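Engineer: Residues per chain, in single letters:
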Amino acid sequence: MFLAVWWRRLWLFLNRDRVRRELEEEMQLHRDLRARAMERGGAAPVDAAAAARRRFGHEVTLAERSQESWGFQRGDELRWNVRYALRRLANRPAYAATIVLVMGLGIGATTAMFSAVDAVMLRALPFREPSRLVSLPIVELPFAPGPGKPAEVRATVDLDGAAAMPDVFSSVAAFAAGRLNLPDVERPLRLRAAVVTDGFFRTLGVEPMVGRTFVKEETVPGAGTVVVLSDALWRRQYGARDMLGETILLDDQRYQVIGIMPPGFSFPRESDLWIPMSVPLTPATFAAFGGMLNWEVMARLTPGVEMTAANSRLLQRWAQAIDGRDRRDSREDREERLAYLRSSGAVRPLQAYLAGTRATALLVLLGATGLLLLIACANVTNLLLSDAASRTREMALRTALGASRARVFRQVLTESVILALGGIGAGLLLAPVVLRALQALMPSELAGVVEPQLDWRVLGFASSLGLVTGIGFGLWPARAASRTDPGETLKSSGTLLATGRRSARGRRMLIVVEVALSLMLLVGSGLLLRSFSKLMRVERGMDTAHVASLELSFAGKTHNATRLARIEAMLERLRRSPGVERAAAVSELPLSSGEGYAEPLDPVDGGAAPPSGSRGARYLHVSPSYFGTLGIAFHSGRDFTPRDDSLAPPTVIINETLARQWFPNVDPVGRQLLGHPGPGRNVHYTVVGVVADVREQDLASDVPPQLYHPMYRVTPTAFALVARGHAEPAALFAALQNAVRAVDPSQAVGRARMMDQVVRESVAPQRTNALLISLFAALALVLAALGVYSVVAHGVAQRGREFGIRTALGATGGNLLVMVSREVFVVVALGIAIGLAGAWAGARVLEASVYGITVHDATTFVIGPATLGIIAMTAAVLPLRRVFRVNPVDVIRSE
Amino acid sequence: MTRREPIPQGTLDLLVLSTLDQRPELHGFEISEAIGRRSGDVLQVEEGSLYPALQRLMVNGWIKGKWGRTDENRRARYYHITAEGQRELARKLSSYQRVSGAIAAVLQPA
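Taken in order, these protein sequences are the chains called Z and C. Position in the first sequence (first residue = 1) + 2 = our numbering. Position in the second sequence (first residue = 1) + 6 = our numbering.
Hint data in this document are derived by calculation from the structure and do not stem from the laboratory. Remember, it's a predicted structure, so these values are computed and weren't measured experimentally. C-beta atoms are modelled at their ideal positions from N, C-alpha and C, and glycine is treated no differently. There are no misleading hints in this set.
Pulled a few chain C residues facing chain Z out of the computed Cβ check, cut under 10 Å:
{"hint": "1", "residue": "H33"}
{"hint": "2", "residue": "E39"}
{"hint": "3", "residue": "Q61"}
{"hint": "4", "residue": "G67"}
{"hint": "5", "residue": "R80"}
{"hint": "6", "residue": "A82"}
Using C-beta positions, here's what the derived DEER-type ranges look like:
{"hint": "7", "chain 1": "Z", "residue 1": "V7", "chain 2": "C", "residue 2": "D47", "range": "30 to 40 Å"}
{"hint": "8", "chain 1": "C", "residue 1": "D47", "chain 2": "Z", "residue 2": "R507", "range": "51 to 61 Å"}
{"hint": "9", "chain 1": "Z", "residue 1": "N93", "chain 2": "C", "residue 2": "W73", "range": "39 to 49 Å"}
{"hint": "10", "chain 1": "Z", "residue 1": "L16", "chain 2": "C", "residue 2": "A96", "range": "25 to 35 Å"}
{"hint": "11", "chain 1": "C", "residue 1": "W73", "chain 2": "Z", "residue 2": "R459", "range": "46 to 56 Å"}
Can you make the complete structure from the sequences, with help from the hints?
Structural biologist: In C-alpha cells:
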C-alpha cells in the first residue's frame, strides 16, 4: 500500500512536466465550463469568465497546492530556495561567516577534546579483556647482587609473591622501557627496547605473529640473549625477511631473534623490540640501561575477582610481609603507609595508571570546550534571533502575497540548514587542527598504545547540537509569521512591533549566560596563565641560555675506564671546537629525567639525620666544570677534578637543600655522609662543595636533596654532553656531533637540544594547557562582546522612534546614552556576578594544575571580571553612537 | 437563491469518493456540479480545493483518471473509484457517521 503510494509519487515526480500540463488543461476546461454555466445564468461573457477565474482562486497557488499533494517538494523549488538563501547570506557575509565560524569552533573544539579524552581515558586498551589488566605499584622485583647469588629478601610482596596468588592474579609481569644501540657504521640507531618478564605477553594476551615469545628459562640471570622484534622494526630495518634464529647486535651483546610481534603492537612506549628481564634483577640488568630502569608491575585479574577484592588481598599479604621482616620502620609508619595504600589503591586499573595525571588536565580542557560550545550556541542563537526579528515583515509580506506557510517554512529552513551545514563543515576542518595541538598533552606512557582519533559519535553529537541551534532558532521568523496576522505586521510599518518584549528579554538572558560562561573561562585561563608565568620565573638554579646538549649512551658492557676515556676525549675535542666556551658531561640532563634515582644516606660520627622527610638523596654523575657550563652557582667548596677517581677517598658535591637538611648551622665542606649506592654497600662520602639548588626534576616540584658524584669514580653508561657558547645552535650541535664521531664513528647519538628547549619541553603540557584554555577564553570573550554588541545595536535600531520622541521632548544624546548604558550595565553585571560565583566554585578543578598561586587567586578574580566588564561595556557603547545621530523629526516622520 | 455553504474541512474527499461511487466516469467540473446538485445547491465545491483533492486521491490510489472526450469533443480527465477507494469510502463514511451522530447528540437541546 505505502509502497504503491510512493511509487505513484515517484512516477508523478518523474513525469512532472506532463502532469503539470494535464492539470493545467483540466482546470482550463473547468473554467470554460463554469463561464458557460454563468452565461446561461445571465451574466455577460466577460464578467462570467472573470467570475469563473475568481471562483477558482489564484492560479499559481492552486497549481502549487495540487503539486504539494504529490508529496515531492519540487526540485526547482529547492533549487530556488537554496539560491535565495545563498544570495541572502552572500549579501551579509559577516553574519554568515560569524555563524559558520562560531559553530565550527564549538563543534571542532569539542570533538577534538573529546577524542583526546576518549583515547586516554575511555577507549579500552587494545589488549585482550583490558578491563582485567591492573597495575600493581607496591609489588617489587626481587634483586640479586649477581648471577647465581641468592636474591635479597625484601620486606614486601615481590613479583614471585604476587604470582603465587593465582586465585587473584591469573598472570603477573614486569616491564620497563629503555633504549639500546643498534651499532651500524652507516647509521647507528638508538632503539626503544622493552625489558619484560616472560609473563608480559601472556598477561596482555598478545601472540607473536611469527615465532614465539620468552619462556621462564630465558628470564634467569645470565640467560636471556633472545629478542622479539616489532613488526615495524622488522620491516624498516630488515626488509621483512625471514629473521628467526638470526642474531643481532645490541650494545655489544648478541641476541637471537625468536619472534616478531603483529603490526601495531608496541607496548610499552612505542617499543621497537623486547628482551627478557631477569628475575631476580641483577646489576647487569641495570648496567645495560645506564644504571636506570623504571620498571612497572602489572597483572591480569583472575576471572571473577573484583578490583577491590584483589586490592585488599594484596594489601593483606603486604602487611604480613612487613610485619614479618622489617624492623626498621616504626609501627605508626607502617599503619600510616597501609592506610595510604588502602586509599590510593595497591591494585589500580592499568589504563588509569598509564594515563596518570594528564587525565585531569584533559578533563579540565574538555569542560572548557563544553563551555565554549555553549557560548557558541548562545551566540548563534542570538544572531539568528536578531535576524529573525528583522525578517518578520518579509515573512508577513510573503504570506500576504499568497505563499503558503509550508512554503515560507521551507524557505527559512533551507537557509538554516545551509548555515548549520557550513558550521559542521568548519567544525570538521577545525577538529584535526585542535587535535594536533593536543598531542603535547597526551601521556607518553600511552604513545603507540592508543592514538587519539576523531570521534565520529562526538562529532555527530556536537553537530546535532549545532543543527538544533541553527534550525531551531532559524525557524523563529517562520514561527512569528505564522503567529502574527500579516496585515497587522505590515500596518505597523517600520516599528517592528512583532519582535515583542518577550524576545528582547530572551536575548538579554542569553547575554547574561554568555557573559557568565565567558567569565568562567577567563578566570580559568587567568589562573593557568599566571601559574605558568610563575613557573617560568621560578628560580631554576641554572642558566640555560646558550647551552646545547646531546644525549647518548654506551653499550652496556663497556668498561668503566673505557667509558671514562671516551667521554674525556669527547670533552677534550669539544672544548677545542670553535664557538664552544665550556663543555661538560652529566648522567642525566636537568628537567628530562623525572624523579631520577636516589640513594639512601646515613649520618656519620654523631651527625644528625634530618628530622623530617626521607633519608634518600637524588644523585647524578658529573664531569668537572658541569656547574660552570650550566651556570650553577657554587656556594662553598670546590669543583671536581680528575683526581676525584675511584682510587681517591670518595667525594661528593651537594646542593643547598641537602646541606640545610643534613648540616644545619655548619659548613658542610669537609664533613662526611654515609651513602648506600647499592644494596648492602656502605661508602663514606666527603663533601667537597655546595652548589645552588637546581630544578632537576621539573620546574614545579620542590628541589629534593641532591648528590653529585664525580664521573671519575663511577662513569655512567647513559649521559649527555653539554656545551656552552655564543655560537649559533647549529654550530654547537655540529661541534657536539663531531666530538662524538671523532672518538667513535659507530656511536649512536640521541636527542640534540638546546637547554632552553629542554626547559620548554619540560613544561609543554602546562603550556599547551594554558594556551588552549586561553585561546578558548579569548574566543569566549570575543563571542560575548559580539553578543552584547548585537543586542545593543539591535535594541537601539528598534527604539529609534522612542529616542526620537525623547529627543524631541528635550532629552540630550548624553541622557539617552546614560539610559541605555544603564540597561546594558545591569545585564553585564548580572552575568559577571553569576560567572564569578561559577568560577569561584569551579576553580577547584584546577587545584592540580596551578603553581605558585591558589585557585582563588585574588588578582585573577579581580582582573578577569574587570577585563570582561570593560570589553562588554565597550561593545555596548559602540552601537550607541547612533543615538547621537538621531534626528527626531526624521524618525517621527518616518512612522 | 439558496445560500451556498463552503464544504466543511476534511469532508471533500468523502464527497468526491461517494459521488464517484454512485456515478462512475465524471470529469472535474461534473464532480463539482454533481456535489452541488445532490446537496440541493447548498454545498459549493471550491474549485481551488477540488483539484488538489483529486490529485491527493489519485496519489493514494483511491481513484483513477482516464483521458477521454466531452460531448463537445474537448479532452477531459474522467475519474472512477477503485476497489481500494471503495474500502476507503466505507471507512470514511462510518467514521463520519459516528462523528456527526456524536455532534448532533451534543447539540440536541436536552
